[in-house]
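Peer 1: With chain A's structure known, arrange chain B on it following the hints.
For the record, the sequence lines run as chains A and B.
Each residue of the first sequence is one higher than the last, beginning at 0 in numbering that gives the first Met the number 0.
Each residue of the second sequence is one higher than the last, beginning at 0 in numbering that gives the first Met the number 0.
Keep in mind the hints are simulated off the structure, nothing from the lab.
Do not rely on the hints blindly, as some may be mistaken.
Incomplete in silico selection of chain A near chain B, CB under 10 angstroms [said to hold, decoys possible]:
no., residue
1, G24
2, V28
3, G40
4, K50
5, D51
6, T56
Note that CB positions come from ideal geometry on N, CA and C, so glycine has one too.
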Amino acid sequence: MNIQFKKGVLEICVLSVLAKKDCYGYELVQEISKRIDISEGTIYPLLHRLKDEGLVTTFLQESAGGPPRKYYRLTENGRKEEHEKKEEWLQFAASVNALLEGTNDAAD
Amino acid sequence: MLQTEQEYIRILRSRLEGTLPDDELNDIISDYTEHFRIGKADGRTEEDLFSSLGSPEDVAREIRATHLVRKAEGDRSWKNIIHAVLATLGLGLFNLVFVLVPFVILVVLLFVVFFAGIACAVFGPVAGIFAVLQMAGLPAFAIWQSPAAGIFFSLGITTLGLLLVIGDYYLARFFYHIGIRYLKWNIGVITGTEQIP
Chain A
0 MNIQFKKGVL
10 EICVLSVLAK
20 KDCYGYELVQ
30 EISKRIDISE
40 GTIYPLLHRL
50 KDEGLVTTFL
60 QESAGGPPRK
70 YYRLTENGRK
80 EEHEKKEEWL
90 QFAASVNALL
100 EGTNDAAD
Chain B
0 MLQTEQEYIR
10 ILRSRLEGTL
20 PDDELNDIIS
30 DYTEHFRIGK
40 ADGRTEEDLF
50 SSLGSPEDVA
60 REIRATHLVR
70 KAEGDRSWKN
80 IIHAVLATLG
90 LGLFNLVFVL
100 VPFVILVVLL
110 FVVFFAGIAC
120 AVFGPVAGIF
130 AVLQMAGLPA
140 FAIWQSPAAG
150 IFFSLGITTL
160 GLLLVIGDYY
170 LARFFYHIGI
180 RYLKWNIGVI
190 TGTEQIP
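Same shape as in the complex, but just chain A (with noise of 0.2 angstroms):
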């Protein structure tokens, strides 16, 4: 796929990723990295600005056998805006995939 558009729905994957539990940069990035191949580097930058504009905050816990660890989570903004941002993202790939689907039917 088209990493201009990936970049695009980082946004909602991180929110969402977020609102099933706090997670460390780290574990934030496998568990999206898993699934989606972006450059894991770009999720830190987007991070800091989810903190600036408040959907986020940050938070240090210790971590067995090391040092603590920067935790991030969401704040009730944060929350609002990643069930308003999960509703727009489900109803407009609910309607792109109604789309390619009806022109495959018509194609065949």
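Peer 2: The following block gives chain B in isolation, referenced to the frame of chain A:
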């Protein structure tokens, strides 16, 4: 180039120093050092981690652009908006078309309206003074067929000039606001894969 953690962090730091405040810079650097640390504990090599992170130059470009657009949003000035536009150009060659061209067109439009307004606001009163002097019977200033029409015309042109200048100010504010929103959207969608060398 060696694909080591040290090199990654060095490039990131050198590209962001001077743009980002120290606390933000350290916050970003700490994310990447943590990424390398956990990745290595996970059994991955520095080269592997480096190449899956992607180019540190691209990361730095994006962070700079985001930061400078936010700065321009918080503190409206020509300098800040120009820095924000230039940083966004670095994200991809096509931003020459999608950012630079619209920006230049808008700036030219704003300047044309501004100078047209100034010209009217200067010409109007001068024409008015001529009309008054002509009324006073000075033949050297007799440029009007009717001095009364001259005064009327002068008031009209002066008002038009002032309205243009005031309108231009609000137009500039409007474009600034829309422009910032557009740049944010642009940064969120455009990747650094086709950057200017």
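Peer 1: Among the hints numbered above, which are violated by the structure, and what are their numbers in rising order?
Peer 2: Violated hint (a single one): 6; every other hint is consistent with the structure.
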